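Colleague: One line per chain: the protein sequences are A and B, in this order.
Using my numbering, you'd call the opening residue of the first sequence number -8 and step up by one each time.
Using my numbering, you'd call the opening residue of the second sequence number 89 and step up by one each time.
Hints are computed from structural coordinates only; laboratory data are not their basis.
Be a bit skeptical, because a hint or two may be false.
[What the hints assert, rightly or not] What follows is a set of in silico ranges between Cβ atoms, one per label pair, in the way DEER data are often shown:
| id | chain 1 | residue 1 | chain 2 | residue 2 | range |
| --- | --- | --- | --- | --- | --- |
| 1 | A | Asn87 | B | Gly129 | 25 to 31 Å |
| 2 | A | Glu277 | B | Gly110 | 52 to 58 Å |
| 3 | A | Ser18 | B | Gly110 | 18 to 24 Å |
| 4 | A | Lys265 | B | Val145 | 30 to 36 Å |
| 5 | B | Val145 | A | Glu111 | 46 to 52 Å |
| 6 | A | Gly281 | B | Gly143 | 54 to 60 Å |
| 7 | A | Gln192 | B | Pro122 | 38 to 44 Å |
| 8 | A | Leu2 | B | Gly129 | 41 to 47 Å |
| 9 | A | Gly275 | B | Ala151 | 58 to 64 Å |
| 10 | A | Ala152 | B | Pro122 | 47 to 53 Å |
Being a predicted model, the structure only gives us computed values, none of them experimental.
C-beta atoms are modelled at their ideal positions from N, C-alpha and C, and glycine is treated no differently.
The chain contents come next:
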Amino acid sequence: MIYLDNAATTLRKPPQVARAMLEAMQSCANPGRGGHQAAARAAETVYRTRALAAAYFGLEPEQVCFTANATEGLNIALRSLIRPGDRVVISGLEHNAVTRTLSALGAKTVPVRAPLFDSEAWTAAFQQALDPETKAVVCLHISNVFGAVLPVERIGGLCAARGIPFVVDASQSAGILPLRPTDWNAAFTAMPGHKGLLGPQGTGLLLCRGLPEPLRFGGTGSSSRDQSMPRELPDRVEAGTLNVPGIAGLGAGLRWLAERDPKALLAREQGLLKLAAQGLNRLGAETWTGKNQTGVLSFRLPGWDCEEAAARFAEQGIALRAGLHCAPLAHQSAGTLPEGTVRLSLSPFTSPREIEAFLTAAKRLHIRTSRSQHQSGRLNRPVFP
Amino acid sequence: MFDLYMTVRSVTRGQKGSDALGRAGISHRLLRAPRSIAPGGCAYALALSRRDGTGAVGVLDRAGVTVEERWLREPGGAFRRWGQ
């Protein structure tokens, strides 16, 4: 299989990830719950990942909180900051992890829109949207649909100047671009562990520069007689037994990344993305590309329904994702509703040969459509062999 | 002999403190605090030699590790507060 759905989760991981998980399963007990060797080993495993992540993101270890995924981190962050009726400014590219949570909280959400790949325009649009009533700003770092990079440092600067808490969804940027929550003035930065950080599913990080409110309540292995959750991070938001094997795997993914040049990894992905986009454009596909873009590409093949196209690719052993990508707001902003797009997304393990194979498959679909249109005299009619 | 116990509220703080002490070359152990010095239940202690106590306080302070209390363990096993 040629796996090009890395924005959903990276399937291929460094082999160290699975090894670390297996080792943790076989040797680690419950971290912070006992003084015996197996508990101490679990605590050490968890802390090594925490400290590594802290160094990677320029924070202190206790500011790194483990979550099950980015969605949980965003839920903690938004529930900590927002009350019903609060005015919250968000980018018009946000995922349902943000928009559904805000809806559930009864927030008055104000989506900001700008041309996808124009950082200046995004900054100006956010600046215009902020007013004294704004209680929080939420912005993703990279769009999960279009790969557009948003200027979070500048948006964070606007928020800091006005005293507005800033939340960053780094789901697509963690492990891809440098993340510096301190430079961004971000109160909270949420990310999954299983995408660019190359860890397993069921892992995520919430980087806290503010004090979050707990989403879960229960045992933390600390201050047990106190019936309120500790104020101390990370315990405040880490009630219950941690996913130690997952965290061990995430640590291995982080170590793999830390040993490599992030600029080289990014340049490689951007080169492959350009190759894919150029090939698709030669076939007359509609593509969304721009200057500030990472390894995520949305496209449509002429004459093909997006879901059907992705299914035909899958039949040829190529894994893509089609539809709305859990981000209807992003498609609304980009004018790609209701059908959405087909999305190709890369990882450090994607090879040029795989992109060539993808383009060969795209060409087959294109030829099939062209023949059908020629024979039937009808345009935009997908062919289902 | 590790006879000085510095209590911290969470295992993460203890581990951060342990890293800092290790970097400073101060011998120590991180352990679950005995109940008599952790009245709130479930705390952790960095155990070290009293001769390293003053240096360790500075190291932990610079590392941003909040120590709750400092206890000296007497030869008989009882604890008494240290340097506060």
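Colleague: Hints first: check each against the structure and report whether it holds.
Modeller: Going through the hints against the structure:
no. : hint                              : verdict
1   : Asn87(A) / Gly129(B): 25 to 31 Å  : violated (40 Å)
2   : Glu277(A) / Gly110(B): 52 to 58 Å : holds (57 Å)
3   : Ser18(A) / Gly110(B): 18 to 24 Å  : holds (22 Å)
4   : Lys265(A) / Val145(B): 30 to 36 Å : violated (56 Å)
5   : Val145(B) / Glu111(A): 46 to 52 Å : holds (51 Å)
6   : Gly281(A) / Gly143(B): 54 to 60 Å : holds (55 Å)
7   : Gln192(A) / Pro122(B): 38 to 44 Å : holds (40 Å)
8   : Leu2(A) / Gly129(B): 41 to 47 Å   : holds (43 Å)
9   : Gly275(A) / Ala151(B): 58 to 64 Å : holds (60 Å)
10  : Ala152(A) / Pro122(B): 47 to 53 Å : holds (50 Å)
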